[in-house]
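Residues per chain, in single letters:
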Amino acid sequence: QQKVQQSPESLIVPEGGMASLNCTSSDRNVDYFWWYRQHSGKSPKMLMSIFSNGEKEEGRFTVHLNKASLHTSLHIRDSQPSDSALYLCAASRNTEGADRLTFGKGTQLIIQP
Amino acid sequence: EAAVTQSPRNKVAVTGGKVTLSCNQTNNHNNMYWYRQDTGHGLRLIHYSYGAGSTEKGDIPDGYKASRPSQENFSLILELATPSQTSVYFCASGDPGGALEQYFGPGTRLTVL
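Sequence lines, in order, name chains Y and D.
The first sequence begins at 1 in our numbering and counts up one residue at a time.
The second sequence begins at 114 in our numbering and counts up one residue at a time.
Think of the hints as simulated: they come from the structure by calculation, not from any bench.
One should not assume that every hint holds.
Unchecked claim - Simulated restraints on C-beta separations: (1) D:174 - Y:14: 42 to 48 angstroms; (2) Y:57 - D:163: 33 to 39 angstroms; (3) Y:69 - D:192: 42 to 48 angstroms; (4) D:186 - Y:77: 38 to 44 angstroms; (5) D:175 - Y:40: 26 to 32 angstroms; (6) Y:69 - D:151: 25 to 31 angstroms; (7) D:127 - Y:22: 39 to 45 angstroms; (8) D:131 - Y:12: 40 to 46 angstroms; (9) Y:22 - D:154: 14 to 20 angstroms; (10) D:121 - Y:14: 37 to 43 angstroms.
All residues carry an ideal CB built from backbone N, CA and C; glycine is no exception.
Could you put together the complete structure from these sequences and hints?
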């Protein structure tokens, strides 16, 4: 069973629109959430991380975290064609020796010009 | 930015053959990781290491071995390659601690015929 669930599997958003991606962990021991972005044919690169309840904004990207429900969401406003990519959510724990990321299957985002 | 390199970038192997994938990082990170990425499965952890001489099993270690001869190098070994091991393999590095980012290499596309 996948411990990190992402939805939707794919998403088409018009250029300039808002994209909203969701991620939930079934492991109640996770402490940190990560969003990685992977353009086609490239390697994943960390986009944003969030460790505390609430919201974090970096430019056009906003991440929310609800630790009680182990749910995080990524919102991209004013979406650009260059935002088209696979978005991977990952979770990790704050325990000694637990330096592992568990990834979800990803959301394929397509921004239509 | 962290530098992680992988070799080869592409590899075609025959069933039953031995395959070695190599990874090098120049950032003096203690931890290194091997993942495979398949459509519909996201990134799955195969093996990881906390430092030279150490290897740990990830979530899908069967059919794979790992070797960490030095801080900089981490290899993934397929002793008897099978077609089910056809995939894209990513190496990553990072410092210890669940709150620290992982940096990915460019990936190796392996095809086992």
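Hint by hint, which ones does this structure get wrong, listed from lowest number up?
none
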